[in-house]
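Residue numbers (the numbering used here), protein chains in the order written: chain L, 1 to 413; chain S, 414 to 1207.
The hints are simulated quantities; they were obtained by calculation from the structure and are not laboratory data.
Among the clues, some could well be false.
[Unchecked claim] For each label pair, taking beta carbons as the anchor points, the in silico distance ranges come out as:
| id | chain 1 | residue 1 | chain 2 | residue 2 | range |
| --- | --- | --- | --- | --- | --- |
| 1 | L | Arg-136 | S | Tyr-1182 | 50 to 56 Å |
| 2 | S | Glu-1150 | L | Thr-188 | 40 to 46 Å |
| 3 | L | Gln-275 | S | Thr-1180 | 47 to 53 Å |
[Unchecked claim] Straight line, CA to CA, 25 Å or less: simulated DSS-like cross-link-like pairs of lysine-lysine:
| id | chain 1 | residue 1 | chain 2 | residue 2 |
| --- | --- | --- | --- | --- |
| 4 | L | Lys-293 | L | Lys-250 |
| 5 | L | Lys-381 | S | Lys-963 |
| 6 | S | Lys-1109 | L | Lys-393 |
[Claimed, not checked] Covered, in the sense of this in silico footprint (three residues per stretch, anywhere, with C-beta under 8 Å from a C-beta of chain S), are these stretches of chain L:
| id | region |
| --- | --- |
| 7 | 312–318 |
| 8 | 322–331 |
| 9 | 369–383 |
The C-beta atom is built at its ideal place from N, Cα and C for all residues, glycine as well.
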Amino acid sequence: MAYLSMGESHRRITDYLNRFADAINYQDGDSLARLFSVSSDSPSLLSLADALNVFQDANRLIKQSEKFSQFGEVVAPFFRSLQCYRLGNLVDAYGAFEKASNAFIQEFRNWESGWALEALYVIAYEIRVLAERADRELASNGKSPEKLKGAGSFLMKVFGVLAGKGPKRVGALYVTCQLFKIYFKLGTVNLCRSVIRSIETARIFDFEEFPIRDKVTYMYYTGRLEVLNENFPAADQKLSYALTHCCLSKEANIRMILKYLIPVKLSIGILPKKQLLENYDLVEYNNIVEALKRGDLRLLRSALQENEDQFLRSGVYLVLEKLELQVYQRLLKKIYIIQKQKDPSKAHQVKLEVIVKALKWLEIEMDLDEVECIVAILIYKNLMKGYFAHKSKVVVLSKQDPFPKLNGKPVAS
Amino acid sequence: MLGLHTSGGYPSSGYNNQPTAWNNGSYANYTSYQYPNYTSDTSSAYSSVSAPATYQQQYKQWPEYYSQTEVTCAPGTEHLSAASNSNHGSSLPTSLPPPPPLPPPSLTPTWRPETSSSELPSMQPGGAASGAHDNYWNQPAPSFQTHLAAPTQPIYQNSLDSKTSYENFQELKTAPQGLNSQYPVVHQVSQNYQSTLPTVPSFDARRVSKLQIPTNPRIASNAALGIAKTEKDSYAANSAPRPAYISVSVQKPNDKPTMLPKSLRGYVERAFGRYKDDDAKRAACEAYMKDIITEARADGTLYTRDWDSEPLFTVPDSLSISKAYNKSPVRRSKSRWEPLAEEKMLEKPVSASNEIGKYGSWDRKTFSGYSATKDNSLSSFRFSGPQQRTPSKSAQRPMKRQRIVNGTGLTNNDDDASSDSDKEQSLTAYYSGAMALANNPEEKKRRESRSKRFDRGQGHRPDINYFKPKNAGPANLYTRRASALMLSKSFDDSANQAVEDIDWDALTVKGTCQEIEKRFLRLTSAPDPSTVRPEDVLEKALLMVQNSQKNYLYKCDQLKSIRQDITVQRIRNQLTVKVYETHARLAMEVGDLAEYNQCQSQLQILYSEGIEGCLMEFAAYNLLCVILHSNNKKDLLTSMSRLTPEAKEDDAVKHALAVRAAVTSGNYVTFFRLYKSAPNLNTCLMDLYVEKMRYKAAVCMSKSYRPTVPISYIAQILGFSNAADENGETELSGLDECLEWLKAHGASLITDNTGEMQLDAKASSSTLYMPEPEDAVAHGDSSLAVNDFLARTT
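Chain S on its own, in the form it takes in the complex (with noise of 0.2 Å):
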C-alpha cells in the first residue's frame, strides 16, 4: 500500500520487518489487529463469501500489517528475535534451501543483502542468498521447517506460512519472472508487493491522505509508524461512519476489472446460504462457485450474466465425504502412554490455525496440495474441500502450473476468491507466528498454557468447527468487538481461559451516542459505539429518569437501557452503583423482584468492590429478600455471616434482621409491628410476605384460640390499617378490610351477643384455605400479566 509512494525499497524493508513482528511474540496485539481485517467488514449477512467485499480487507490489512511491524519491534529488537529464530534453524541445516532465484526485477537490488546481513547474520550457513533468508524464515514454527526441506512442498508451506495473506497471490505468479518453482514464497512475496500496491489509495481515502509521505523508503517506513498510532486513534472515529473504501470500487493488482457484479455476490450468498451449517457441504459449493465464476469468466459472461435469475447449482451429497476425510488422520496412538507431551503441545495450535483456515476459504487449493500422509506431528491436519483427496503432491505440482499457465483470467478469480481465505488465513498466520516463539522457554510455558484450551475440543471432537467466521458477522460490527467476539466464539467451551487472554481494555467500546433517551434493545451482535452513550449522557439519563413522571415500564425500559451501555463501557463507579441502586427501588415499590433480583446481584458485587453506595440499605433489601422470598437457608446463612458488627448496628439492618427473626419464629405480631416501622423501603419488600403471615397467623390462631377471637383484635394484629390511601378517600377501615380477607380466606364468622364480629376458631380451623391469587396468570408469575401490570404501575 505504501508502495505507491515509495520506492520499490520500501515495501521489501516493510515486508522484511514483518515475520519480525511474528517472531517477536507481538501477536497478542496482532490478535486485535488481524481479526477485525476478518470480520470487521463481513457486514451483511455472509458478503464476506461475496470477493468484491472481502477484497477490501485484504488491502486493509496491508497497513495494519505494517504497523504492526513498525509499533511491535523497537528497532533493536527485531534483529534480535529474527537472530534467534535463525538459530533454531540452523540446528536443521536440511531446512535451508539451495540458493535462490533472482530478486524479482521490482525490487531494488540493494535492500536484500542490507537486510539479511543486518538481520539474519547467522543464518546463513552456506552463504546463501538472500532469497533463501526469505523462504527460510518465513516458517518461523520449527515444527514447519521439516517441511521445508521437502521443496515439493511449497504450496502447504505457504498456507501454514505466518504470512498468509501472500498467499492470496501465489496464483499472480507468472512463469517469466526467473521463478524456480521450489520457492515460490519468495516470488509470491515481492510480487504482491509490485501488484498489490499500486491498487490501495483507491479505497481508503483516509488512509491515503495519511500516506502522502515522502517516498523516501527510510522515511516511509517512519511513516508507517505515524499510520499504526493515528490509526489507533482514530479507531472509534473511523470504525463509526461506514468506512468510505466500502463503497469505492476496487482496481485489480493487474488492472483487470476485478470487481464481481454486485448480482454475482448476491448469487453467492444466496449459494451459501443454503448451507450454513454443513461445513462440507459448504466446501464443495465453494468449489463449485469457483468454477462457476471462471467459467463465467473465460467466456466473459462474468458481467453480463443474469446472476438474479442464475439458478443455484446443487451440491451433490457424495460431495459431503469430504466431511468423512476430515477425521481419517486423526492420529490415535496404540497406547495412551506413547505421545510425549511436548510434541502434542506444539501440534495443536498447529491445527487449530489449519482448521481455521479450512472454513471459508475459496483457495481450497492452496490446503489441499499438502497431503496428511507426510509427518507424523501434522498428521492430525484435516483437510476439507474437493481435491483433499489428491494424496501425493506430485498430483498437485502440474495442477498448480497449471493455474499459473491459466493465465490473468484465472487468477484474477482466484485472487479475488481467496481474498476470503485470507482472512482466515491470517488466523492462521497468527498462530503459525506464533508458535516461532515456543522456542523461547517462558513463552513456551505460556504457550502450552494456553494450547490447553484446545485440548479438549482437539482431543476429542476433531470434526467440530470452531470458527464459523461466515456466521460470525452481522452488519456494522465493530471491529475490535467482533474480534473479541470471535475469540470467545472460537473457544467454545473454553471461553472461560480464553478471555483471561483478551486484552478487554483495548476492546473496550467508547460510546457517542449524544441521545438521553434510549430504548432497551437486547444486544445480539457487538455494540456499535454510536448508539451507545458516554458516562456524561448516560448521567444526564439517569437524572432524566429519576425526575420523570412516567410510569414504571418506561423507567424500566431506560435504565435498562442505561445499564447495558454501563456494561459495554465497563464502567464500574460510582454512577454505576447509582444506576442499579435507583433501578432496585423502583423495582421494589412496584415489587418488579425479577428485576431487583438483577440489580441487587449486580449491586453486591460493585460494593465488593469498594464502589460507595447506599451499602447498609442494600445489606438489609439483601436479608429481607433471603428471608422472605428465597427461603434458602444456606444464603442466609452466608448473608447473617458477612454481616460486619458495624453493619449489625445499622438500623435497616437491625430492622430486618429483627423481621428475620419473626418470621422464623411465626410470631406474627412481631411481624406486624415491624412491618408499620419499617425504614426504606423494607416495607416494600415486605408486602410482598403479609399474604403469607397472615394466612399463618390466621391458622394459628384458629387452632389455639377458643372460643372465639374477635374481629377487631385480628386486624389490629394483623396490620389491618385505618390509614386513608393516597387520594384521601378513605379506603375500607381496617375491620372492613380485616373482615373482607377473613371471608376469602374461608374463615367461619359469628357475631357475639354484644354484636361484635368475632372468629368463630374451632369452625374455622377446618376451613381456612389460601385463595388462587386474583391477579393469577397462567404462567404463574403475575408480574408478566401485561394488562394487570400496567394498571398497577400507571
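Bound-form chain L, shown alone (with noise of 0.2 Å):
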C-alpha cells in the first residue's frame, strides 16, 4: 500500500461522513446505497478502508461533529467493518456489518417514506455475501459456520420491518429473496415457507406491485420449492412465469430457471429442442430428452448415472428418475407400433415376452415377474390403457388410443 498522509486519511474520512451526512438529508438513497456496499470492492470504499487504517481514531471524528455523530451507532461499526474487510478479516467484518445494519433498520423503522429502500436492499445483499464469506473463513478454521444462519434471522427482522402497510412494503419481495437465498444455501428450505406465506396470503401485497426483478427471483425459487415437492404444475407455472420476466440479456439468469424448468416440463410430456439444450448450455439434459424420444432405457441410467452428482445437487434427480415411467411407455409403443405394421389385427396384443426381449437387446435383464409389474404399473398410472390377463402372460391394448399422451398433465401418482 501506497504511503497514505495521516491528513489525507483525515480528508477521505470526513468526505464520507459527508457524503453520508447529506445522502441522509437530501434522502438520496442511491447514494446512501453507494456508501454502504462494502463487498462491492469499490475504489471509493477501499481508499477510504486504507485511510481508516491509517487513521485509527475514526470515532473521534465521528463524535468530534453534531454532524457526524447523530450517525454514529451505524457509521462507527460500519467503519470498523470496512476496516476488518480490507484487512480481509470478514468474520469480524461480518459482526460488525451487521451492528451497523441493525442501527440503520432502527432508523428505517421511523422514516414514513421509503426513500432508503436502496440502500436497505445494499444492506440486505451485504448482510448475505458478507456472512456466507464469513462462514467460508469460519470453515477454513475448522470452526462452525454459524454466520449465515445469524444472517437468516437478521433478515427476518428486516422483512418484519417492510411487511407492514405503506410504501415501503415494495422492499418486502427483495429481502424475501435474500432470505431464500440463505435458506437454499443452507438447505433449511422448509423455513421458506413462514415467508412465502405472508407474501401470497397478505392482502397488503399486492403481488403485481414488486418490482419484476424480485417477483422473477422470488418466482424461481418457489418454482424451485415446488419441484422438490413435486408439485409439477404448479412448479411448471411459476417457473415460466419466471423464465417470461427474464430480462432475455440475462443469460446465466434464463439458464439457472431452465435447469428445473425442463425436468418439470418433461415430467409433464413435453420436451425441449434440441437448440434450445445448447444455447444454454444444458447438455446434460440431451441424452434424457434423447432416451425419452427413443424408449431407450439403457441411455436414461446411464445419463442419470453420468451426472448423477451434478443432479442430485441441483435437486432434480428424482425428478429425472421418474421419467422412466415414461420411457418404458414410449418403449412399448415401440413394439406396438412394429406389431401394428406386421399383423394390424393382432397389434393389440402385446406378449411378456416380448417385452422382456426388447428390454433384453437393450442390455437390461428383467425378468417375468419383473416386467409384469412394471406393465401393471404403466397401466395403473395410466400410461397405457388396457389390461393385463395374469394366466396368458399377455397385456392387452384399447384400440382407441392405446398410450396417452401427457399433454401437459403430470403422471397420475
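Using the hints, build the complex out of the two chains.
And the structure:
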C-alpha cells in the first residue's frame, strides 16, 4: 500500500462522513446505497478502508461534530466492518456490519417514506454476502460456520420491518429473495414457508406491484420448492412466469431457470428442442431427452448415472428418475407400432415375452415378474390403456388411443 | 481466613493482590470460582435466603479469592496490571480522594507503604497515602471513578466495587476506628479481615487442615497458592460428599451468636417461597423480613420465638410499585442517532451487573443509597427495594450512620443477611472487575462482542430478570456445573453466544459411580458426579446390556442412562459410537423409530467427527429411514448426495439405494425381492413399510389385471412367506396369510373352476381399503401403547 498521510486519511474519512450526512439529509437513497456496499470493492470504499487503517481514531472524528455524531451508531461499526473487510478478517467484518445494519434498521423503521429502500437492499445483500464469506473463513479455520444462519434471522427482522402497510412494503420481496438464497444455501428450505405465506396470503401485498426483478427471483425459488415437492403443475407455472419475465440479456439467469423448468416440462410430457439445450449449455439433459424420444431405458439410466452428483445437488435427480416410466411407455409403444406394421389385427396384444426380449436387447435383464409389475404400473398410472391377463401373460391394449399423451398433465401418482 | 494463622500482615497483602487479579482479566477463571459460591450451597429450595446457610459460603469464598489471586497473576504481572490501571486513573485526577484515614490498628503498618510503592508507583500524584490507593483502585472501571470523585456516595461505589463481598461488612464498621466516613471502603476492608478471619477454621475442616501453615506472611502467600491447587484437585472429591461445613455452626465475626435458629430459616424460606415469581414483592419481602429479624434480635426473642408458628406477613401490593420504578430510569434518547456506541458498550455490563445485585440481596440499603439521578452513563441502573425512593444522597448518610450506631445487634443481622447478597454481588464484582480491562484495546474488543449479548434484553425489556438465583438452586448442585447452569440461564435467549465464553472443559463432570446398572432418569438439574459412571464402568454396563436376556424396555432404559452419563461427561469416542449403535440396532429390531432416530442423528454427528464405527451399515439405515419413513425429498437428496463413491459400492448401501428406487417407482416386485435379501437389519426398517407397499401393490393390481389374479401369485410376489417362525410351529402358510391379508383389506375373492382362489380384480378395485391397524391407539402412536408394547418385546 502506498504511503498514506494522516491528513489524506483524515480528508477521506470526513469526505465519507459528509457524503453520508448529505445522502441522509437529501434523502438520496442511491448515494446512500453506494456508501454501504462493502463487498462491491468500489475504489472509493477501498481507499476509505485504507484511510481508516491509517487513521485509527475515526470514532473521534465521528463524535467531534454534531453533524456526524448522530450517525455514530451506524457509521462507527460500519467503519470497523470496512476496516476488517480490508484486512481480510471477514468474520469480524460481518459482525460489525450486522451491528451497523441493526442501527440503520432502527432508523429506517422511523422513516415514513421508503426513500432509503435502495440502501436497505444493499444492506440486505451485503449481510448475506458477508455472512457467506465469513462462514467460509470460519469453516477453513475449523470452526462451525454459523454467520449465514445469523444473517437469516437478521433478514427475517428486516422483513418484519417492511411487511407492514405503507410505501415500504414493496421492498419486502427483495428481502424475501435474499432469505430464499440463504435458506437454499443452508438447506433449510422449510423455513421459506413462513415467508411465502406472508407474501402470498397477506392482502396488503399485491404481487404485481413488486419490482419485476424481485418477482422473477421469487418465482424462481418458489418454483424450485415446488420441484422438490414434485408438484409439477405449480412448478411449471412459477418457473414459466420467471422465464417469461426474465430479462433476455441475463443468460445466466435464464439458464438457471431452465435447469429446473426442463425437468418439470419433461415430467409433464413436453420435450425441449435440442437447440434450446445447446443455446443455454444444458447438455446434461441431451441424453435424457433422447432416451425419452427413443424409449431407450439404458440411455436414460446411463445419463442419470453420469450426471448423478450434479442432479442430486440441484435437486432434480428424483424428478428425472421418474421419467423411467415414460421411457417404458415409449418402448411399449414402439413394440406396438412394429406389431401393427406386421399384423394390425393382433397388434393390441403384446406378449410379455416380447417386452422382456426388447429389454434384453437394451442389455437390461429383467424377468417376467418384474416386467409384469412394470406393465401393471403403466396401466395403473394411465400411461397405457388396457389390461393385463395374468394367465396368458399378455398385455391387452385398448384399441382406442392405447398410449395417451400426457399433454401437460403429470403422471398420475 | 488465613489470617487466623498468620500475622496481621498477611491478609492485607492477600487483599492487595486481589484487585490485581480482577484487573488482570482473569475473571474468566473467576467465573468458575465465583459463581459456585453463589449457587453451590443454595441447596434445598431457597435456603440461600436464610442467612446462616449462606453465611458459610461467604467464608468459603475467601480462600477462593486468595487462590484466585495467587493463581492468576504471576508475581510480575500484578504490578503491571495495577500500574496500567492506575494510569488510567490518573487521567482523572479528580477521582483521587484526599488523604485517607489512619490505617486500622490491626494492620501492621509496614505493608501498606510497601505495596503501594511497589505495586502502584505511578499512581500517587499527590503523594497520597496508602489508604487512598486502596480506595482508588477498588474502582477498577473508569466509569466508576467518576463516582469516586463524589465522596458522598461511598455506599454506591462500594456496591459496584469489584470486591463487593466486602460490602457485607460495611455495617461492621464501627465509628471509633478513626473512621473517615468518606472512605469507608478502606476501612471496611481492613475490618473485614479482622472480623472474618478468626472464624473461618471452624467450618471447613478440610481447608483448615491445609491452612495449618506457618504464620509468616510471605510463606503464607505461598500457602495460598497451594490451596488453590489442592482445591482444584480435590474438587470432585470435596463436592461429592456433602461438605462438612454445612452442618457446623458458624461463629459470628465479633463472637456474637449468629446462627439463626433453624425454625427461623424455615420461616424465611416460607416467606420467600410465596414470591418466587414476583421480584418486586420479593424485594419488599426481604425488607420486611429484615425488620422482623432485627426486631426479634433487639428484644431478644430471636432464639426463643416459635418461628414455625409465626404468621407470615403479607407484602402490600403498593410496595410492588418499586417494580414500576425499576423501569423509570431507563434512558431513551430523543433521537436514536444520538448515543454513541462506545458509551453504550461500557454502560451495558454495568447495568447488567447491577441487575444481578438487585435480586435477593438483603442488604438493599447498600444499593438504594445511590440515586439514579446522578450520572448519565449510569442512569440505566435499576434499583429495587423499599428504599430506592430516597433519591438524594444526603438522605442516606444519616441512615447509614444510624446503622453504624445501632451497634452490634443490628450489624450482626445485616451481616447475616447480606451474606446472601454477597453472592450476587460477587457477580457484580465479576463484571465491574472485568470492566477495568476495558481500557486494554483487545480486551475492549472482546468485551464488546460479549457485551452484545446483553443488548437485546437490556434494550427492550428493561425489567426482565436475567438472574434468578433463588430459583436456580435445587439441592446438591455440583458447584461447577451449577455455575454453568447459571451462566446459560442468565443469558437467556442469547445463550448460544454466552456458551462460547464458558470453559466447558473446566465444568465437565467426572463421574465416580461404580454401579453398572442404573435406571434412566431425565436430569432436572446439574448432574451429581456421585451418580455418574466413569468410562470404564460404562463399558461394563454396555456389555451387560448387550448380553442381557431381559426385554427391550429394560435395555432401552439402561442404554438411555448410559447415553446420559456419556453426554454429561462429554465422552466422544468409540465407546460413544458403540453405545449409540447398539441402541439403534435394538430400537430397530422392535421398531422403536423414535429412539432409533435419536441414535441415528447422534451417530451422524459422531461419524462426521471422524470416530470409527459401522459407518456404511448406518448410512444404509439412514437412507432407508428417510425413504420409507420421512418421505422428505430434500432430506433424501442430501443423504444421497453425501454418499461417497466407496459408500455406493457397499452392499448395505447398494441395497438401500435399490430399495429407494423400488419405492419411488412403486415397483413392488423388486421391493419384496429386496426385502428378502436385505443385509444387516435393513429388513427391520423395511418391515415397517411392508404393509403400505402391499396395499399399493394390491390397488395397482386390481386396476391393471383382468379378469383375475391367482392368490398364489400374489402371495409369492408380495412376500408372504411359507417360513416357519422361531418356535418351530408352522404358522399360516404364505397362501393363507395372503388370503387373510386380502380379506382384511376388502378384496373380493372368487374360486375359479379349477378350485384355485383368485382375486377378482375388477370387483376389488373399488372395495380395497386400508384397515385401521389393529393395535391403533387413541394418540396415534401404537408403540406408545404400553401393554401392546410389552407383549411385543417380552
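Here's how the hints hold up against the structure:
1. Arg-136/L - Tyr-1182/S: 50 to 56 Å: Cβ of Arg-136/L to Cβ of Tyr-1182/S: about 54 Å, so the range 50 to 56 Å holds.
2. Glu-1150/S - Thr-188/L: 40 to 46 Å: holds, 44 Å
3. Gln-275/L - Thr-1180/S: 47 to 53 Å: holds, 52 Å
4. Lys-293/L - Lys-250/L: Judged against 25 Å, a Cα distance of about 30 Å means the pair is violated.
5. Lys-381/L - Lys-963/S: violated, 49 Å
6. Lys-1109/S - Lys-393/L: holds, 21 Å
7. 312–318: Since 5 is at least three, the answer is holds.
8. 322–331: Our answer is that it holds, as 3 residues pass the Cβ test (under 8 Å) against chain S, meeting three.
9. 369–383: Per the Cβ count (11), the hint holds.
In terms of the numbered hints stated before, the structure departs from hints 4 and 5, listed from lowest to highest.
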